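Participant: Taking the hints into account, I'd like the entire structure generated from these sequences.
The listed protein sequences correspond, in order, to chains A and B.
Take 0 as the starting number for the first sequence in my numbering and just add one per residue.
Take 14 as the starting number for the second sequence in my numbering and just add one per residue.
Be a bit skeptical, because a hint or two may be false.
[Unchecked claim] Lysine to any residue pairs mimicking SDA-like chemistry, simulated, CA-CA at most 25 angstroms apart:
hint, chain 1, residue 1, chain 2, residue 2
1, B, K142, B, K227
2, B, K248, A, L129
3, B, K113, A, F263
4, B, K248, B, G167
5, B, K418, A, Q266
6, B, K89, A, F59
7, A, K157, B, G409
8, B, K292, B, D375
In case anyone wonders, no lab produced these hints; they're calculated from the structure.
Computed from a predicted structure; not experimentally measured.
As a plain string of letters, each chain reads:
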Amino acid sequence: MAAAPKRPFRWHIVVFLAPAVLVYTAIMILPLAGTLQLSLFRNIDQAQVFVGFENFRRLFGDPNWSVGFWNALRNNVWFFIIHMLVQNPIGVLLAALLSSPRLRFSAFYRTAIFVPTILSFVIVGFAWKLILSPLWGVAPNLMDLVGLKSLFTPWLGKEQYALTTLSLISVWQFVGIPMMLIYAALLSIPEEVIEAAECDGITGMSQFWKIKLPLILPSIGIISILTFVGNFNAFDLIYTAQGALAGPNYSTDILGTFLYRAFFGFQLQIGDPNMGAAIATMMFLIILGGVCVYLFLVQTRLRRYQF
Amino acid sequence: MTTKLLTALLLGTSVLGSAGMAYAQDVTLNIESWRGDDLAIWKDKLIPAFEAKNPGIKVVFAPSAPTEYDAALGAKLAAGSAGDLITCRPFDKSLELFKKGNLADISTLPGMENFSDVAKAAWQTDDGKSSFCVPMASVIHGFIYNKDAFDQLGIKVPTTNEEFYAALDKIKADGTYIPMAMGTKDLWEAATMGYQNIGPNYWKGEEGRLALIKGEQKLTDPQWVAPFKELAKWKPYLGDGFEAQTYPDSQNLFTLGRAAIYPAGSWEIALFNTQAQFKMGAFPPPVQKAGDTCYISDHTDIGMGLNAASKNADAAKTFLSWVASPEFATIYANALPGFFSLNSTPVKMEDPLAQEFVSWRDKCKPTIRSTYQILGRGTPNLENETWVESANVINGTVTPEAAAKKLQDGLDSWYKPAK
Numbered sequence: 000m001a002a003a004p005k006r007p008f009r010w011h012i013v014v015f016l017a018p019a020v021l022v023y024t025a026i027m028i029l030p031l032a033g034t035l036q037l038s039l040f041r042n043i044d045q046a047q048v049f050v051g052f053e054n055f056r057r058l059f060g061d062p063n064w065s066v067g068f069w070n071a072l073r074n075n076v077w078f079f080i081i082h083m084l085v086q087n088p089i090g091v092l093l094a095a096l097l098s099s100p101r102l103r104f105s106a107f108y109r110t111a112i113f114v115p116t117i118l119s120f121v122i123v124g125f126a127w128k129l130i131l132s133p134l135w136g137v138a139p140n141l142m143d144l145v146g147l148k149s150l151f152t153p154w155l156g157k158e159q160y161a162l163t164t165l166s167l168i169s170v171w172q173f174v175g176i177p178m179m180l181i182y183a184a185l186l187s188i189p190e191e192v193i194e195a196a197e198c199d200g201i202t203g204m205s206q207f208w209k210i211k212l213p214l215i216l217p218s219i220g221i222i223s224i225l226t227f228v229g230n231f232n233a234f235d236l237i238y239t240a241q242g243a244l245a246g247p248n249y250s251t252d253i254l255g256t257f258l259y260r261a262f263f264g265f266q267l268q269i270g271d272p273n274m275g276a277a278i279a280t281m282m283f284l285i286i287l288g289g290v291c292v293y294l295f296l297v298q299t300r301l302r303r304y305q306f
Numbered sequence: 014m015t016t017k018l019l020t021a022l023l024l025g026t027s028v029l030g031s032a033g034m035a036y037a038q039d040v041t042l043n044i045e046s047w048r049g050d051d052l053a054i055w056k057d058k059l060i061p062a063f064e065a066k067n068p069g070i071k072v073v074f075a076p077s078a079p080t081e082y083d084a085a086l087g088a089k090l091a092a093g094s095a096g097d098l099i100t101c102r103p104f105d106k107s108l109e110l111f112k113k114g115n116l117a118d119i120s121t122l123p124g125m126e127n128f129s130d131v132a133k134a135a136w137q138t139d140d141g142k143s144s145f146c147v148p149m150a151s152v153i154h155g156f157i158y159n160k161d162a163f164d165q166l167g168i169k170v171p172t173t174n175e176e177f178y179a180a181l182d183k184i185k186a187d188g189t190y191i192p193m194a195m196g197t198k199d200l201w202e203a204a205t206m207g208y209q210n211i212g213p214n215y216w217k218g219e220e221g222r223l224a225l226i227k228g229e230q231k232l233t234d235p236q237w238v239a240p241f242k243e244l245a246k247w248k249p250y251l252g253d254g255f256e257a258q259t260y261p262d263s264q265n266l267f268t269l270g271r272a273a274i275y276p277a278g279s280w281e282i283a284l285f286n287t288q289a290q291f292k293m294g295a296f297p298p299p300v301q302k303a304g305d306t307c308y309i310s311d312h313t314d315i316g317m318g319l320n321a322a323s324k325n326a327d328a329a330k331t332f333l334s335w336v337a338s339p340e341f342a343t344i345y346a347n348a349l350p351g352f353f354s355l356n357s358t359p360v361k362m363e364d365p366l367a368q369e370f371v372s373w374r375d376k377c378k379p380t381i382r383s384t385y386q387i388l389g390r391g392t393p394n395l396e397n398e399t400w401v402e403s404a405n406v407i408n409g410t411v412t413p414e415a416a417a418k419k420l421q422d423g424l425d426s427w428y429k430p431a432k
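Facilitator: Right under this line is the structure:
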């Protein structure tokens with residue numbers, strides 16, 4: 000038999016991929032490459048000059064920059080830890096409660112808890128600033144009603160509390176997302192598995208710990224990585240609640256606000272796009288590193304169950 | 014779009030209005046500005062007053078949005094389509110335009126002699142040899158107080174530090190009013206209404222400011238640490254939870270009559286007049302001992318310069334000379350109480366609170382904010398750091414000495430005074 004006819008080039012693959020590739024390249028890959036490139040240049044006498052890693056040397060070597068950077072990174076890590084310790088466990092708990100067949104009005108609760116997620120940061124930041132205001136806020140009055148007025152302090156204005164307060168506000172806003180994802184995962188657990196567990200006498204809490212939780216672990220992994228990426232890119236809430244200087248005394252400064260001040264400048268400070276790009280590059284590397292750790296070390300070890 | 018429409022309307026009215034004149038030689042001047050808020054004042058008051066005196070010159074006020082102004086102006090200047098007259102931001106932004114050759118040198122313009130050196134400093138080269146904008150307005154710092162509260166408690170307006178704290182103590186002891194309405198949440202209140210407000214009395218205004226620029230004084234010297242020490246004493250007189258009190262909170266506390274004293278900038282006058290239901294007065298920052306010379310922060314804020322590429326330079330210069338005249342100053346200062354003319358000729362103002370503020374110019378020596386000229390250039394930025402440290406000092410998280418040292422260290426890292 001003659002050799003098999005040469006298979007024609009499959010143009011349709013290229014054609015179907017093209018829109019996504021073009022759009023993604025234009026709005027994601029090119030700006031990213033542009034940022035990386037910008038971080039290797041400096042503006043000297045009105046001209047962009049290639050300076051190698053000089054900007055990074057300044058960022059880590061010059062205390063005027065490095066102190067701010069490490070402070071922002073530390074704050075960002077704390078911001079992330081609060082989310083992991085508070086937002087995700089509460090999300091799992093809420094999902095477990097919602098998926099209970101005996102719960103009435105579950106659709107109402109689901110919607111009510113999810114609504115803050117779709118609110119603008121500006122509204123959330125402003126509303127919480129008002130709620131916590133020592134002058135006209137409802138928080139001091141409510142605490143007074145239950146006799147806890149002495150515990151009230153101007154949380155957003157104290158160095159030791161401001162960042163934690165903002166993290167919890169962010170948790171309040173976004174707790175709906177892990178809840179929804181876990182809820183969906185819980186619903187997808189087949190009835191047979193649950194019934195088999197019940198036959199073996201595993202019910203109630205131990206059913207959750209031994210059967211359901213292992214089955215939703217991959218979803219929790221995904222949520223963790225989404226939280227990680229979201230937190231290290233965060234900016235809006237801090238900016239709307241505390242301003243670009245992330246007061247008091249930079250105690251709420253995270254990488255996003257640090258980048259903003261460097262890149263665009265603030266008040267009399269003139270923006271320095273090159274240093275800003277260097278910080279953006281570091282943020283990119285941090286997030287990339289975190290995602291890689293997750294993909295190669297965590298996700299490959301998660302056991303998957305096929306039904 | 015609206016600007017174009019407005020321009021067309023203004024042109025239309027100007028043509029109709031001057032139909033009887035020899036309009037063939039009419040020159041039209043365009044003003045670039047970010048003060049869209051002032052459009053009505055320019056259109057209804059300033060421009061007609063000028064045109065009445067200078068037939069043959071038409072003026073069009075064409076503002077753009079404040080946030081877009083610098084970028085839009087830069088683009089227009091580069092393209093050669095910018096207006097003949099350019100509203101100047103203070104210090105480096107305008108200095109940069111002058112260095113690029115966009116603004117003309119107007120040091121010898123008739124009318125410039127009406128301004129003091131301090132007034133001109135915001136629009137001069139670092140050596141003070143060339144001026145490139147006519148100063149238009151400044152804002153003055155001081156304290157606005159609730160007159161009814163002072164009368165009720167029998168407090169006299171304080172002039173010295175001792176009287177100032179005695180008054181605060183009395184208000185605090187009485188308990189009806191919060192002694193002072195200020196918060197540290199927004200940071201700049203602490204620096205601008207606090208440090209820059211009371212500071213000139215300690216560093217002796219221009220003397221200290223210029224010595225700092227020359228490198229003869231340091232921010233760690235006693236006269237620069239002293240204002241921080243005073244700020245540290247303010248803490249007990251501020252309202253509950255002042256750490257989370259924002260600038261609008263402070264304004265509301267005072268205008269609702271809940272606080273007795275408000276560390277202020279004169280730009281508040283118009284707003285306070287409409288909101289406060291009680292009588293208000295103002296006093297300058299108290300001096301250390303009775304009889305000391307007083308210094309006030311009279312900060313230059315807005316000016317006007319000549320586009321170096323203007324084709325109507327002579328007409329534009331005529332207009333600028335008019336901007337430098339007492340007549341312009343009177344109209345402008347009365348239309349915008351709280352924005353004071355920098356003209357050396359005293360301006361008669363209607364608003365009593367504005368009159369009180371401006372009267373300090375007669376007895377006190379004016380200066381501008383210490384962190385703006387030259388020192389406001391580098392990174393870490395002295396102005397922004399002053400915000401943060403002033404708030405820290407009032408919050409009590411940093412000692413005055415440590416705050417001053419931090420500022421000086423930051424300044425030393427990039428600023429090398431010319432020897």
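Participant: For each hint, tell me whether it holds in the structure or not.
Facilitator: Structure-based check of all given hints:
no.	hint	result
1	K142/B to K227/B	holds, 16 angstroms
2	K248/B to L129/A	holds, 22 angstroms
3	K113/B to F263/A	holds, 22 angstroms
4	K248/B to G167/B	holds, 23 angstroms
5	K418/B to Q266/A	holds, 22 angstroms
6	K89/B to F59/A	violated, 39 angstroms
7	K157/A to G409/B	holds, 11 angstroms
8	K292/B to D375/B	holds, 24 angstroms
This entry does not satisfy hint 6, going by the numbered hints stated previously; all others are met.
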